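Protein chains: 2
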Amino acid sequence: MDQKKPGTRVRGSTTGRPVMVLFDVLGQRWTLRILWELRHGRLNFRDLRGRCDDISPTVLNARLKTLRELGFVDHDTDGYGYTALGADLAKKLATFDRWAENWAQSLDKS
Amino acid sequence: MDQKKPGTRVRGSTTGRPVMVLFDVLGQRWTLRILWELRHGRLNFRDLRGRCDDISPTVLNARLKTLRELGFVDHDTDGYGYTALGADLAKKLATFDRWAENWAQSLDKS
DNA sequence: TATGTTGCTACAAATTAAATAGCACAAAGG
DNA sequence: CCTTTGTGCTATTTAATTTGTAGCAACATA
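Top to bottom, those sequences are chains A and B.
FYI, the UniProt record's numbering numbers position 21 of the first sequence as 21, with every residue one higher than the one before it.
FYI, the UniProt record's numbering numbers position 77 of the second sequence as 77, with every residue one higher than the one before it.
Treat the hints loosely; a few may be bogus.
Where chains are identical, the list cannot tell them apart; a pair therefore holds if satisfied intra-copy or between any two copies.
[Stated by the list, open to error] Cross-link-like lysine to any residue pairs, in silico, SDA-like; alpha carbons within 25 Å at most:
1) Lys109 with Asp54
2) Lys109 with Arg68
3) Lys109 with Arg17
4) Lys109 with Ser56
5) Lys109 with Phe45
6) Lys109 with Gly16
7) Lys109 with Gly41
8) Lys109 with Gly50
9) Lys65 with Arg29
10) Lys91 with Asp108
11) Lys92 with Leu26
12) Lys91 with Glu101
13) Lys109 with Asp53
14) Lys109 with Asp78
15) Lys109 with Arg46
16) Lys109 with Asn44
Derived from the structure by calculation, the hints contain no laboratory data.
Predicted model, so just to flag it, every value in this text is computed and none were measured.
I would like the entire structure built from these sequences, with the hints used as guidance.
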């Protein structure tokens, strides 16, 4: 499969700049959602699917594979969950929740 | 076109929770990249395209339309650029740059 | 040995994005 | 005027990705 690690080229970008790689991955459909849904603890494949509006197993598996390769997610007998790195990333994503709430309110007023 | 504002349903999600809407939008290909490339100032359509690896105008236009509807981007004689809201979001995205650098280094060591 | 659970694959259909060409409009120059 | 240039954007075809559904193999349990 294609390389996704920082330092390598991604989807046409010639820089390989890590943030590009990150955005490239996070910009794939369902990736943000999957990371988000793991925030309450580890989930097995089917439960994770359920949390993600029954995303197709094809896509879920593809995303999990990528997320594992990048070191954000791992898998054990309790199911899928964050690595230390993934937890750190998820913590950053969590701040968007509050931001989005404010955003929604500001849109209501306009 | 389909609704994207917070409070409405998005891509099967029945919650309409703002962060879901946000992730849904950011999770579309090129959206993060476009927001990222505007960080140095306003750009006209063609220059923005150039910055985004010559993304197809069809997609760029679709993304800009969404970003404008959501109040993240606007358009004037100087081209496309952030709204106040968009600048705030971009500021949050900018923190991922540093994070990704560290991530890249930690991957190198492993 | 039957039954259930889990992770995951196969595959066709639908949706989305990419690639390329080029149009309509406006401003500027001759 | 008439042409050129720059702009935002659409059209159209082709390629890639995602979806939806079915179901299998491995393992555990009864």
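Status of each hint after checking the structure:
no.	hint	in the structure
1	Lys109 with Asp54	neither (34 Å within a copy, 36 Å between copies)
2	Lys109 with Arg68	between (41 Å within a copy, 17 Å between copies)
3	Lys109 with Arg17	between (38 Å within a copy, 17 Å between copies)
4	Lys109 with Ser56	neither (37 Å within a copy, 34 Å between copies)
5	Lys109 with Phe45	neither (40 Å within a copy, 30 Å between copies)
6	Lys109 with Gly16	between (41 Å within a copy, 18 Å between copies)
7	Lys109 with Gly41	neither (36 Å within a copy, 27 Å between copies)
8	Lys109 with Gly50	neither (34 Å within a copy, 36 Å between copies)
9	Lys65 with Arg29	both (14 Å within a copy, 19 Å between copies)
10	Lys91 with Asp108	between (27 Å within a copy, 22 Å between copies)
11	Lys92 with Leu26	both (13 Å within a copy, 15 Å between copies)
12	Lys91 with Glu101	both (17 Å within a copy, 17 Å between copies)
13	Lys109 with Asp53	neither (30 Å within a copy, 37 Å between copies)
14	Lys109 with Asp78	neither (44 Å within a copy, 27 Å between copies)
15	Lys109 with Arg46	neither (40 Å within a copy, 33 Å between copies)
16	Lys109 with Asn44	neither (41 Å within a copy, 29 Å between copies)
Comparing the model with each earlier hint shows violations of hints 1, 4, 5, 7, 8, 13, 14, 15, 16; every other hint is respected.
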